[in-house]
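Asker: Sequences and hints are given; from them, build the entire structure.
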Amino acid sequence: MRTVLRRLGFYILAALAALTMNFFLLRMLPGDPLGAQLAKSTGQITPAELQGLEKLYGVGTHRSLVSQYLGYLGQLLHGNLGTSTSKSVPVTTLISTDLPWTLGLIGCATAVAFVVGTLIGILAGWRRSGLLDALLPVSTFFQAMPYFILSWLLLITVGFYGGLLPYSNGYDISRGSTVTPGWNASFVGSVISHGALPAMAIALASVAGWIMGMRNMMITTMDEDYVLVAAAKGLPQWRVAAVAARNALLPSISNFALSISLVVTGSIVTEIVFSYPGLGDEINTAIQNTDYPVLQGILIVVVFTVLAANFLADLVYVALDPRARREA
Amino acid sequence: MRFLRSAKVVVGLSILVLFVLVALFGPLIAPHSADWQASTSAFAAQPPSSRFWLGTDVQQHDLFSQLLSGGRDILLISLMAGVVATLLSVLIGVTAGYVGGIVDDLLSALSNIFLALPGLLILMVVLKALPQNMTSNPVTIGAVIALTAWAWGARVLRAQTLTLRNQDYVEAARVIGERKPRIILFEIVPNLLPILASSFIFTVIYGIGTYATLAWLGLVGGNTVTWGTMLFNAQNYGALISGWWWWYAPPALCVAAVGVALALLNFGIDEIINPRLTSARGSRGHRVRFVLGLTPVVRTPAPLAGTDLPLELPEEAAK
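So the sequences go chain by chain: C and A.
For the first sequence, the numbering used here assigns the number 1003 to the initial residue and increments by one for each residue that follows.
For the second sequence, the numbering used here assigns the number 2 to the initial residue and increments by one for each residue that follows.
Calculated directly from the structure, the hints in this document are not laboratory data.
Hints may contain errors.
Said to hold, decoys possible - What follows is a list of derived Cβ distance ranges for each label pair:
#, chain 1, residue 1, chain 2, residue 2, range
1, A, P182, C, S1066, 37 to 43 Å
2, A, A45, C, L1105, 38 to 44 Å
3, C, D1225, A, G239, 27 to 33 Å
4, A, L111, C, G1073, 38 to 44 Å
5, A, I103, C, P1183, 40 to 46 Å
Beta carbons are placed, not taken as given, at the ideal position from N, Cα and C, and that holds for glycine.
Answerer: Written as structure tokens, this is what we have:
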């Protein structure tokens, strides 16, 4: 329990650090980009909304920096992320329509990558034969190139020239399509087929990390005495492998914390390539419109999501490893 | 050299050397300069021909020349990011691991926070807000990318420093009265070199990917032509939908190839750090069979290590 509380304390600290960084990020840069942009956007949003933004980020007001910062934290506590300067819609509204898409995509892709990668890693570490080991450089090939290039590769080969899967948007929005959003079969089917290619890109890019981590850990674990004991007891091969794999899995879970922010940013880039209606596409639009409130709002939401995922991984780790509980 | 025995390393290194040569001499041997236009009146991308080996883009730029001169900045930026991030990670990771206590707690928390922050998104906001003349400077971009990339290395280096700190030779140096900076520099850091190399390569891969992504999103200003900005142009003019593969495929493949070459190199370094990870296929062609619980060692003619064993046995028996 104390371990969990200590980790929770760290995440609160991290969240606070991220908020502080978000507040100062645009102020430290030369030329006061936020203030300049807000001054320019008077025509696009109502004066009331502009005032709200100035209040949120403390731009243009003549309060001390500390009171601006405290005001900013207070606004965030009320769930106020400001107004989009290009769309004149509250940032929270924009994000709440995008977030389910992104979370669904990342969740599915990561689950697939974790399960498949761990299984391949166990086999590769167990057998260490030519075929599976030959898979390692291949999977690294997918990992070593940027997400957007891998996504392009899939979009071109499977989607554009192959014509096997749809390669843009989250569901069928073409003219004459009969799909209506909601819990009906045609919509769910459309979402799944449209999500397949981006999910494949994310999974392919991240699977190599799981494979490598699991294989290397498996190899180290297999030299442990308890694995030898399991084999000496005459257990069938797969049971012995399971003994080793169970212990080799633990570092994989704690490595999750290292990789999750890379996976999330990669997924966001993937969404841009596939025009997926998630946070990625929102960011791309915001970049083109110099819409800082949206950019910063998404930044906060992504940081919080990553921290929450990390905390979940910690909980799983503490549940699985008695040593983590005892150390506290 | 043991390092060169692995086929992965040889392949990776050769690809890398090729691209470094391109980065160094590419702009010199390119048939045209990067902003040269074959014609200012035509508006159709030309497919590869004997005149333009990789065709042209919509504005009639020679894409082969752009590809040759587009490598220099991207490699420079990622190298810069790798160097700065590695220096930062040594500074923070080794200090945290060696000094320990409250310093360790603070520095570890700092690197864990940076690890959780989505670096690419922060870079997007920062580069969007920076004035154009700053984002076209490779050194600035490299340094900014490095600021989001050091945490991973710092964490790994800290862990390794913790295990080295209590080794006998470090203890000995401390007893002699060596000062802390000297112990860190001359006793600890040399033993971290393989991990340092691996984290450096990892960061360079990250730098290439990150820069290419930022450039592709159009966040890098100026007139510099890199593989990233070529991809941005290709995207903007709809090269994908128009089927102008010669426009986007070569720069994309170059970025991917450099990344893969570096990753292959990393494989070799990993196998040096932990020789047990070596693949089953022996480097000299003969296969080694792995047996449960035992990592086979390729036998080399060496004096038997066990010869001094009998000397100790009688003593124990005497007790």
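Asker: So, for every hint listed, does it hold in this structure?
Answerer: Hints, one by one, checked against the model:
1. A:P182 x C:S1066: 37 to 43 Å: Check passed, 40 Å falls within 37 to 43 Å.
2. A:A45 x C:L1105: 38 to 44 Å: holds (43 Å)
3. C:D1225 x A:G239: 27 to 33 Å: This hint is violated: roughly 55 Å between Cβ atoms.
4. A:L111 x C:G1073: 38 to 44 Å: violated (26 Å)
5. A:I103 x C:P1183: 40 to 46 Å: violated (53 Å)
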